[in-house]
Structure formats: structure tokens, C-alpha cells
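Participant: Sequence:
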Amino acid sequence: MSSSSSTYEPGTHSVAFVTTPDDSSAKKLAHLLVERKLAACVNIIPKITSIYDWEGKINEDNEVLMMIKTRTSRVDEICKLVKDNHSYSVAEVISLPIENGNPPYMEWLSKSVPEDAKK
Numbered sequence: 001m002s003s004s005s006s007t008y009e010p011g012t013h014s015v016a017f018v019t020t021p022d023d024s025s026a027k028k029l030a031h032l033l034v035e036r037k038l039a040a041c042v043n044i045i046p047k048i049t050s051i052y053d054w055e056g057k058i059n060e061d062n063e064v065l066m067m068i069k070t071r072t073s074r075v076d077e078i079c080k081l082v083k084d085n086h087s088y089s090v091a092e093v094i095s096l097p098i099e100n101g102n103p104p105y106m107e108w109l110s111k112s113v114p115e116d117a118k119k
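Following the numbering used here, the numbering of the sequence shown begins with 1 at its first residue and continues without gaps.
One or more hints might be untrue.
Just the calculated beta-carbon pair ranges, DEER-fashion [to be verified]: (1) I51 to P114: 30 to 40 Å; (2) I58 to D116: 22 to 32 Å; (3) P104 to N62: 16 to 26 Å; (4) E107 to Y52: 20 to 30 Å; (5) K111 to T49: 16 to 26 Å.
Keeping only pairs whose Cα atoms sit at most 20 Å apart, straight-line, the calculated SDA-like set for lysine to any residue is [stated by the list, open to error]: (6) K28 to K80; (7) K83 to M67; (8) K80 to I94; (9) K111 to N43; (10) K37 to P114; (11) K37 to V90; (12) K37 to E107; (13) K27 to P104; (14) K80 to P104; (15) K27 to T12; (16) K37 to T12; (17) K83 to P104; (18) K27 to E77; (19) K83 to K111; (20) K37 to S14; (21) K28 to P104; (22) K80 to V90; (23) K28 to T12; (24) K83 to A30; (25) K83 to T12.
Because the hints were derived from the structure by calculation, they are not lab data. By construction, the Cβ of each residue, glycine as well, lies at the ideal position given by its N, Cα and C atoms.
Model the full assembly from the supplied sequences, consistent with the hints where possible.
Facilitator: This is how it looks when you write it as C-alpha cells:
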């Protein structure tokens, strides 16, 4: 994909969101994701508050939010890596497709995350 000759195909990439209990857990996961080329970049957003119903009780917890930029085709692998390395019994991994973006950034994202694990 060249920023001057191609247009972006909406949905090729996604942003995945993961919450963790603390900064060190988020950094550990982020390093794994980038090292394994499942993510081009992971933003770690500290000090969020999550309010949720768990096993019939309303909970309020401080958490850390991870924003993971990746290819849509790699989200299932991200889910597996997070499940295998997360302290929560039910880890949050949700994703949204990227519809548009800065062409040079989208090109960098494509180069940073191979289409599949074989590359």
C-alpha cells in the first residue's frame, strides 16, 4: 500500500482493547504483542475506572487500558496470547475495525504486522 497510489481498504486493521489490573501487567502483554509482531503499537492508558457486574455483584476497580493497533486478521491470535498471559479468568479482548487513517501510518502498521504468523 503506497500512500500516493493506493487507497486504504476499510477494516484491514483493527484497534483491540484489553484491560489489566496494573501497569506492569499491561507492559508485559504489550512487549509480548509487539515482539511477536501481533501489534504495531500498544498504547497504555493508566488509571481508568471500570464498573461492572461480576457474579451478581457490582464492582468498581482501577484498571489500565491497552489500545492495540493490529491487523484484523491477527485479532484471534491476540485473544489467545492475552488469555494465556492474563491474570483475569475472563480477560477483556474486544476490537473495532479501523475505517480510515493517515496513509503513512496505515502503511507502517501493515509493514509492522505481517498478514499471518508464517511471515
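Participant: Would you mind confirming whether the straight-line C-alpha gap from K80 to V90 stays at or under 20 Å?
Facilitator: Answer holds: K80 to V90 is near 12 Å, not above 20 Å.
Participant: With a cut-off of 20 Å on the C-alpha distance, tell me whether K83 and P104 pass.
Facilitator: violated, 32 Å
Participant: K37 and V90: Cα distance at most 20 Å?
Facilitator: violated, 24 Å
Participant: Would the hint linking K83 and M67 be met if the CA-CA limit is 20 Å?
Facilitator: holds, 16 Å
Participant: What's the verdict on K28 and T12, does the C-alpha distance respect the 20 Å limit or exceed it?
Facilitator: violated, 26 Å
Participant: Quick one, are K27 and T12 close enough, alpha carbons at most 20 Å?
Facilitator: Violated: K27 and T12 sit about 25 Å apart, past 20 Å.
Participant: Given the hint that K27 pairs with E77, test it: the Cα-Cα distance must not exceed 20 Å.
Facilitator: holds, 18 Å
Participant: Taking the CB of P104 and the CB of N62, does the distance hold inside 16 to 26 Å?
Facilitator: violated, 36 Å
Participant: Using the Cβ atoms, figure out if K111 sits within 16 to 26 Å of T49.
Facilitator: violated, 36 Å
Participant: If you draw a straight line from the CA of K83 to the CA of K111, is it 20 Å or shorter?
Facilitator: Distance ~26 Å between K83 and K111 Cα, so the pair is violated.
Participant: Regarding the pair K37 and E107, is the alpha-carbon distance no greater than 20 Å?
Facilitator: Holds, at roughly 15 Å.
Participant: Does the Cβ distance between E107 and Y52 fall inside 20 to 30 Å?
Facilitator: For E107 and Y52 the Cβ distance comes to about 37 Å; the hint is violated.
Consistency with the previously given hints fails for numbers 2, 3, 4, 5, 11, 13, 14, 15, 17, 19, 21, 23, 25, ordered from lowest to highest.
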